[in-house]
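Number of protein chains: 2
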Amino acid sequence: MPKYTLAIHGGAGTILRSEMTAEKEKAHQQALLEALRAGEALLEAGESALVAVESAVRRLEDCEYFNAGKGAVFTHEGYNEMDASIMCGKTLAAGGVAMVRGIKNPISLARCILEASGHVLLCGPGALQFAREQGLEEAPPEYFFSEFRYRQLQEARARGKAQLDHSQKYGTVGAVACDRHGHIAAATSTGGLTNKQYGRVGDSPLIGAGTYANDLTCAVSCTGYGEYFMRGVVAYDVSCLMEYKGMSLEEAAHHAIHQRQLALGGDGGLIAVDAKGNVALPFNSAGMYRGWVREGEEAEVEIY
Amino acid sequence: MPKYTLAIHGGAGTILRSEMTAEKEKAHQQALLEALRAGEALLEAGESALVAVESAVRRLEDCEYFNAGKGAVFTHEGYNEMDASIMCGKTLAAGGVAMVRGIKNPISLARCILEASGHVLLCGPGALQFAREQGLEEAPPEYFFSEFRYRQLQEARARGKAQLDHSQKYGTVGAVACDRHGHIAAATSTGGLTNKQYGRVGDSPLIGAGTYANDLTCAVSCTGYGEYFMRGVVAYDVSCLMEYKGMSLEEAAHHAIHQRQLALGGDGGLIAVDAKGNVALPFNSAGMYRGWVREGEEAEVEIY
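As given, the protein sequences belong to chains A and V, one line each in that order.
Be aware that the first sequence starts at 21, since it is given in this note's numbering, and climbs by one per residue.
Be aware that the second sequence starts at 21, since it is given in this note's numbering, and climbs by one per residue.
Honestly, the hints are just simulated from the structure, not real lab data.
Backbone N, C-alpha and C define an ideal beta-carbon position, used for all residues, glycine too.
One or more of the hints may lead you astray.
Claimed, not checked - Label-pair ranges, simulated between beta-carbon atoms:
{"no.": "1", "chain 1": "A", "residue 1": "Gln174", "chain 2": "V", "residue 2": "Glu270", "range": "53 to 59 Å"}
{"no.": "2", "chain 1": "A", "residue 1": "Glu97", "chain 2": "V", "residue 2": "Tyr163", "range": "26 to 32 Å"}
{"no.": "3", "chain 1": "A", "residue 1": "Met21", "chain 2": "V", "residue 2": "Phe168", "range": "56 to 62 Å"}
Stated by the list, open to error - Reference excerpt, derived from the structure (chain V facing chain A, CB under 7 Å, subset only):
{"no.": "4", "residue": "Ala136"}
{"no.": "5", "residue": "Val140"}
{"no.": "6", "residue": "Gly144"}
{"no.": "7", "residue": "Pro161"}
{"no.": "8", "residue": "Tyr163"}
{"no.": "9", "residue": "Ile227"}
{"no.": "10", "residue": "Arg251"}
{"no.": "11", "residue": "Tyr256"}
{"no.": "12", "residue": "Tyr264"}
{"no.": "13", "residue": "Val321"}
{"no.": "14", "residue": "Ile323"}
Turn these sequences into a full structure, and let the hints steer you where they fit.
So this is what it looks like as structure tokens:
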């Protein structure tokens with residue numbers, strides 16, 4: 021029986037040790053460890069990689085430290101509009117949601133879209149309608165409100181442009197897993213850009229850009245400057261480098277981030293696993309909140 | 021100086037000779053020829069591939085025969101919601117729009133997003149706001165109305181499910197081109213599914229899924245069962261098969277449609293060019309409206 025593996029991220033960006041306090045560091049590490057434990061408990065019980073990545077991402081969505089779910093940033097109009105996607109490496113089934121408001125756990129909506137919609141991507145009010153018909157848990161605007169995020173919006177508005185949340189040292193969340201049955205899955209969730217306008221959607225809800233999974237190659241979740249990850253089709257690029265070019269998981273993930281994204285000008289990172297339980301967590305930014313655990317080993321979390 | 025090449029499609033699907041009249045065939049062939057001529061005139065004048073594919077797709081959007089622009093199908097709620105995307109193979113710049121209403125030429129909005137938004141994908145009312153600020157041409161609901169499309173909606177509603185427009189023998193449109201400077205570009209535009217609900221978005225506005233262009237490999241525009249093209253990340257797959265696996269344009273395009281999409285269960289086709297002016301137009305459905313022209317040669321159009 022293959023051993024399980026789980027990796028998670030809480031966003032990549034200009035996370036500088038000099039701007040961190042010991043307390044903030046510890047709080048983030050604790051949040052990452054709790055998400056790892058939630059996913060690991062399911063993998064240990066023999067559950068699927070798909071169930072485990074959903075569970076780990078739900079925990080990160082429920083934590084106000086990260087830009088997803090409860091901690092989602094504000095749009096220009098003062099809403100919390102969220103994007104998420106999930107893919108199953110066994111079946112290549114996938115679900116994504118973009119620009120949805122008021123859903124407590126967008127990643128569970130993405131999974132519901134995968135399972136029950138007959139579609140891959142639902143957007144906006146229509147996605148909320150689908151979520152209601154499916155009985156997904158909703159949350160009022162107060163749930164998503166925080167003074168900190170609201171101040172970020174005011175500052176961004178004053179500067180007059182949308183900003184990548186990772187410049188504020190928080191970001192998109194994601195998880196990838198390999199289960200005891202040798203299947204893999206990937207999940208990504210985000211609140212997008214502070215002060216975003218015009219219905220801008222990034223890479224997180226898009227299969228191939230922010231999320232991809234295929235048992236034959238890898239499961240990938242990306243974080244970073246979404247526009248560059250979309251133009252680079254980064255998640256699927258890692259898979260193609262393995263399948264068509266014969267690279268290992270480590271080589272492919274490294275090449276996608278340190279060669280191709282850097283050449284394009286893209287800033288960020290990704291987490292990836294393959295069906296043998298290998299893990300890669302490359303990033304070309306100053307830091308990336310990340311953690312991983314392999315069956316029988318201690319969980320690890322790192323920031324820089 | 022490289023010779024220019026242009027290819028276009030007007031959708032793939034169950035286009036059966038037995039259900040065609042000579043008159044309908046001729047009208048479609050004429051529409052395809054006019055779109056080819058519009059793009060070719062620009063390429064002949066030394067304009068870029070990006071400008072040529074936009075122009076060819078605009079002509080197809082302006083024609084009521086195809087499911088894009090004027091001919092866009094109706095959503096469940098009776099609206100015309102359109103998706104489009106465009107990518108420049110020279111710069112890897114890209115623009116996409118999803119779920120936009122009332123814009124006469126969504127492909128020109130996609131190009132405007134590429135040029136002026138700083139983003140890659142805009143969706144819904146926010147995309148319309150951006151279009152208005154940029155002065156894109158609007159059109160009232162009557163412009164998009166046709167008895168034929170409205171009857172399709174009533175029939176689909178009666179059957180109680182969304183249907184792929186190509187089952188009605190019309191579909192998505194697209195263009196790919198190689199210009200005299202050796203640069204390539206791709207563009208795709210669609211009205212999506214008749215009776216679509218829940219803000220469903222397909223592959224057409226998504227870079228890597230429905231559209232991709234890179235001077236080093238190919239420019240691709242897809243048409244077919246969008247959900248399968250998204251799960252297969254088909255447009256970028258053709259590029260990766262060339263770049264990483266060393267396939268020719270013809271081999272890669274054929275493999276993506278006849279091996280990988282068929283294995284996944286996906287129905288449809290694509291058009292592709294490379295920077296040497298090669299063309300490929302594979303499809304695994306009964307037919308695909310398509311046309312192509314090379315510098316110094318006669319334009320050709322085919323359906324089956």
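Structure versus earlier hints - violations, ascending order: Checked against the structure, the hints that fail are numbers 4, 7, 8, 13, 14, while the rest are satisfied.
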